[in-house]
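Q: Spelled out, the chains give:
Protein chains: 2
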Amino acid sequence: MSSRSSGSHGRYHHGALRAALLVEARAQLEKEGPAALSMREIARRVGVAAPSAYHHFPKLDAIALALAEEGFAELAARLETAPTNAKGQLSGVGLAYVRFALDNPGLYRLMFGDGLKTSSTEHHALRILRERTYERVKTGLRARLREEQVETAALFLWSLVHGLALLMIDGRIGKPANHDAVIMSVLRLAGTGLPSASSQL
Amino acid sequence: MSSRSSGSHGRYHHGALRAALLVEARAQLEKEGPAALSMREIARRVGVAAPSAYHHFPKLDAIALALAEEGFAELAARLETAPTNAKGQLSGVGLAYVRFALDNPGLYRLMFGDGLKTSSTEHHALRILRERTYERVKTGLRARLREEQVETAALFLWSLVHGLALLMIDGRIGKPANHDAVIMSVLRLAGTGLPSASSQL
DNA sequence: CCTGCAAAACTAACAACGTTAGGATTCTAC
DNA sequence: GTAGAATCCTAACGTTGTTAGTTTTGCAGG
Numbered sequence: 008m009s010s011r012s013s014g015s016h017g018r019y020h021h022g023a024l025r026a027a028l029l030v031e032a033r034a035q036l037e038k039e040g041p042a043a044l045s046m047r048e049i050a051r052r053v054g055v056a057a058p059s060a061y062h063h064f065p066k067l068d069a070i071a072l073a074l075a076e077e078g079f080a081e082l083a084a085r086l087e088t089a090p091t092n093a094k095g096q097l098s099g100v101g102l103a104y105v106r107f108a109l110d111n112p113g114l115y116r117l118m119f120g121d122g123l124k125t126s127s128t129e130h131h132a133l134r135i136l137r138e139r140t141y142e143r144v145k146t147g148l149r150a151r152l153r154e155e156q157v158e159t160a161a162l163f164l165w166s167l168v169h170g171l172a173l174l175m176i177d178g179r180i181g182k183p184a185n186h187d188a189v190i191m192s193v194l195r196l197a198g199t200g201l202p203s204a205s206s207q208l
Numbered sequence: 008m009s010s011r012s013s014g015s016h017g018r019y020h021h022g023a024l025r026a027a028l029l030v031e032a033r034a035q036l037e038k039e040g041p042a043a044l045s046m047r048e049i050a051r052r053v054g055v056a057a058p059s060a061y062h063h064f065p066k067l068d069a070i071a072l073a074l075a076e077e078g079f080a081e082l083a084a085r086l087e088t089a090p091t092n093a094k095g096q097l098s099g100v101g102l103a104y105v106r107f108a109l110d111n112p113g114l115y116r117l118m119f120g121d122g123l124k125t126s127s128t129e130h131h132a133l134r135i136l137r138e139r140t141y142e143r144v145k146t147g148l149r150a151r152l153r154e155e156q157v158e159t160a161a162l163f164l165w166s167l168v169h170g171l172a173l174l175m176i177d178g179r180i181g182k183p184a185n186h187d188a189v190i191m192s193v194l195r196l197a198g199t200g201l202p203s204a205s206s207q208l
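Sequence order for the protein chains is G and D. Position 20, counted from 1, in the first sequence is what my numbering calls 27; the numbers after and before it change by one each time, with no gaps. Position 98, counted from 1, in the second sequence is what my numbering calls 105; the numbers after and before it change by one each time, with no gaps.
Calculated directly from the structure, the hints in this document are not laboratory data. All figures in this text were calculated on a predicted structure; none of them were measured in a lab. Possibly wrong hints are sitting among the right ones.
If several chains are the same, the list does not tell them apart, and a pair holds so long as it fits within one copy or across any two.
To be verified - Quick list of in silico lysine to aspartate or glutamate cross-link-like pairs, DMTMM-like style, CA-CA up to 25 Å:
#1 K38 to D68
#2 K66 to E31
#3 K66 to E81
#4 K145 to D177
Given these sequences and hints, build the entire structure.
A: So this is what it looks like as structure tokens:
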């Protein structure tokens, strides 16, 4: 093959393959779900032989891990730029969190789910990334709660948005239109608690 | 091989294989996680050739689906026998829910997660089973809430216990001793809402 | 008891996968 | 322009899900 030395498309020698693999992997992840990630399929879509990918990622799980890292970075960015307006500082963050999951369902499952073949190493790497996210939530709460309450409150909040995100991803909520309204009404309950008659949950 | 006609162990001709496959599948599910479910491995452990299993289950996903059905039945049983004492009717149910997930982490992930290869048919079957569970929660709430509040309250509650279950399964909570205490303190927050200073979540 | 039939098991095989080994190509640096 | 490293390729191994076809097993009727 002759070298097309400066086309923006198709010049893999020198650095472009890794990025292309990640792009294609992410596309497949969102289209088919985390379990469908396939080294051969990704390589095929990029237009390259499967073993070539191993020059950039030692295992399939390494691709998944790289995607998860992308995901955590994007999630962190969204949480930081979430509107922290005066009334309802945390609802903005909660909304941003669930929105991220809904915008990237496959990625979100990969970040928190059992998508990859669970080789212990990256499992550990993932755990660290998750805990970093958790710490961020706790830091936010620490500003307005007694230290003793922070741990439970953080777990409460994270459980709520995490569970809500997964349930909505699974499509249990029908109408794709008013997602935000549903999310907000659930988040409001986190502030008030369940309505009176059952307040003794 | 001579037929050992009445031993409780190893007489597969006539009905025992299906059950044995399910037992072994569930063991593997809890030991290695949903993604590690393997037709050949299950058959191997049962002591049978892989294709034999196809007389009882048309696909690997069918085994997963059968396990999930077991799981939903067991979960429903636990929720129904959960103590609904006077103060805190729902906390007993919430505790039972999360406990079930912690006692059967692999199964719980299978029931709600992306464990199986997501062939659309059983995906649909799973969805029905999940919605049945959801309806049960809503029925419990309908007794003490206005109809208009039920939907949101149910989603709120289920998100909370679902998220909490998954987070705890993932081992983000260190000490395996006081699981119940952690769960209860989170559930209490569902009744009261977040503490004052941040009540404007 | 023995003969036939259906259920249930087995062996052999295909396609696809993850991954490794080793040979060819292409870019970079001197 | 040539050496060497980086990058890509083809070939291959072992494993998986699954199908096809054959043999064994147990049961029913004579």
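Q: None of the hints should be skipped; say for each whether it holds.
A: A quick look at each hint next to the structure:
no.	hint	in the structure
1	K38 to D68	both (18 Å within a copy, 20 Å between copies)
2	K66 to E31	within (16 Å within a copy, 29 Å between copies)
3	K66 to E81	within (23 Å within a copy, 38 Å between copies)
4	K145 to D177	between (27 Å within a copy, 18 Å between copies)
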